[in-house]
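Work out the full structure: start from the sequences and follow the hints.
Chains as they are written, first to last, in our numbering: chain A, 1 to 410; chain B, 1 to 88.
Keep in mind that the hints were calculated from the coordinates and are not lab data.
Don't take every hint at face value.
Calculated from the model, a selection of chain B residues having no Cβ within reach of chain A, i.e. all distances over 12 Å [to be verified]:
| id | residue |
| --- | --- |
| 1 | GLU23 |
| 2 | GLU28 |
| 3 | ILE31 |
| 4 | ARG64 |
As a list, the in silico EDC-like pairs of lysine to aspartate or glutamate whose alpha-carbon atoms are at most 16 Å apart [said to hold, decoys possible]:
| id | chain 1 | residue 1 | chain 2 | residue 2 |
| --- | --- | --- | --- | --- |
| 5 | B | LYS56 | B | ASP44 |
| 6 | A | LYS65 | B | GLU59 |
| 7 | B | LYS56 | B | GLU84 |
| 8 | B | LYS86 | B | ASP65 |
| 9 | A | LYS2 | A | GLU128 |
| 10 | B | LYS80 | B | GLU50 |
| 11 | A | LYS218 | A | GLU365 |
| 12 | A | LYS2 | A | GLU257 |
| 13 | A | LYS60 | B | ASP44 |
| 14 | A | LYS65 | B | GLU21 |
| 15 | A | LYS3 | A | GLU257 |
| 16 | A | LYS65 | B | GLU33 |
| 17 | B | LYS80 | B | GLU8 |
| 18 | A | LYS2 | A | ASP288 |
| 19 | A | LYS65 | B | ASP44 |
| 20 | B | LYS56 | A | GLU128 |
| 21 | A | LYS60 | B | GLU17 |
| 22 | A | LYS60 | B | GLU21 |
| 23 | A | LYS65 | B | ASP38 |
| 24 | A | LYS60 | B | GLU19 |
| 25 | B | LYS86 | B | ASP71 |
| 26 | A | LYS65 | B | GLU19 |
| 27 | B | LYS24 | B | ASP71 |
| 28 | A | LYS65 | B | GLU17 |
| 29 | A | LYS65 | B | ASP34 |
| 30 | A | LYS3 | A | GLU176 |
| 31 | A | LYS218 | A | ASP228 |
All values reported here derive from a predicted model rather than from experimental measurement.
Backbone N, C-alpha and C define an ideal beta-carbon position, used for all residues, glycine too.
For reference, the chains in residue letters:
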Amino acid sequence: MKKRVVITGLGSVSPFGRGTEALVHGLADGRSSVRQAPDLGRIGGLRPRVAATVKGIDPKEIPRKYRRSMSAMSIFAFFAAQEALAQAGLCVGQWGGGRLGVALGSTVGSTQASEDFFKDFFTDHSLERMRSTLFFQIMNHSVAANVAQALEITGRLLAPASACSTGCQAIGYGFEMVSCGRQEMMLCGGADELHPLTVATFDILNAASSGFNDNPCKTPRPFDRDRDGMVCAEGAGVVLLESLDSALSRGAGIVAEIIGFATLSDTGNIAHPDPAVMERCMRLALEDAGLTPSQAHYVNAHATGTPQGDVAECAAIAQVFGGSIPVSSFKGHLGHAMAASGSLELIAALELARRNLLVPTLNLENIDPLCSAVCHPRALQISPISVLVKNSFALGGVNSTLVVRRYAND
Amino acid sequence: MTDQKIIELINSSLIEEFELETEKMTPEATIYEDLGLDSLDIVDMVVVLENAFRFKIREEDGIRDIRTLGDIHRFVIGKKQSLEKKGD
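Structure (structure tokens):
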């Protein structure tokens, strides 16, 4: 028999700063965290000069023994994990015996660490200057391994890597592990650090915003007529999942209950999403939750501000839910935090729902007629949201959807 | 370079790389227990010393006998002297 799975801790490091409170305030205040990023100019041919980066973090809070193998993404994830565990009322030592596992992913290992190594390596093709801890920053499971080491987490270790779907997928896979009783608790989410080559990846595909370089707060513009692409960001979003039995036995505060998850592969095109496959993903997640579309109250969209992606997602949402369900994207505020985006945005949506707040899409001034088939809230609303749907769609054709509801003792 | 200058350069390089406390940098300090370094740090220590003194010591047998900071001082001073002799 499947176990019920609840969220008992939230942790965030976002361009709004350290902590979920900073994230929620930034969103509720309708602020943009996107700034000019002149460092992007060092890449020849790169057009964007905007990004949303994390500031105000002191890595030295982490003991050197653990920090030496961490790049920025692991540092972000460590602080987010620490916050989630603290909210859940857990201290180091309370998750011994493999009770707690991790599912934390990133798009790739640290590009900055790779650049630093190869810059030196190509001077004389020698490895004699290579530090012993470099590999631990570059390996694909760097974030999961570093967080597990630093927090002495001895259960399962999973490092999903599905680009922009990573955070959402990690939570979904953690949900399934706890649900089927393989793990009592799972620390799940995604993390990423900004590197100019990440921005380049999207600029090469003509998917990055560069038309607002002098007015960074005006981009990205999900669903807006004048949107011109996504803006890269960084951060980490981590949730603590546990079985309802475990949470109740500990007397833990319950943030929300995960009731449905679906993930699938869109094989139509590695870069361009198919609305029909997005629709199928949302329908499967609702089916997993045992809900009909009319029982959902809000969709937190993936919507990055690209011309194609936003249109496809709107069409898919409208097919599933009809035209009256409120939809918004937080990428106008946060930019696109890559592997962290799904988990960070879910955390924000949950915390806002707990406060009965529905945050509209920032920079949505003139709705693109091709995105008009759903309801776009135009101002901050007081709105009870019991069931929310979170979408994440990635390059590579990876779709994922989570369905989460307010916990009810039923 | 005098022996004292060599010792100062070793200590400052290790303090910077491994965030060590200056007051712990006594010749009797053991690498593992007193300075808190581990096997990964030893790999990096060789890189740090090679970079600071512009020599190669990775394959030297003497490295395996190092137990204390004083052993590092003596090893590096000896290596510098043998290189200078070869250069004569």
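Just pull the numbers of the violated hints for me, sorted ascending. Per hint list: 6, 8, 9, 13, 25 violated.
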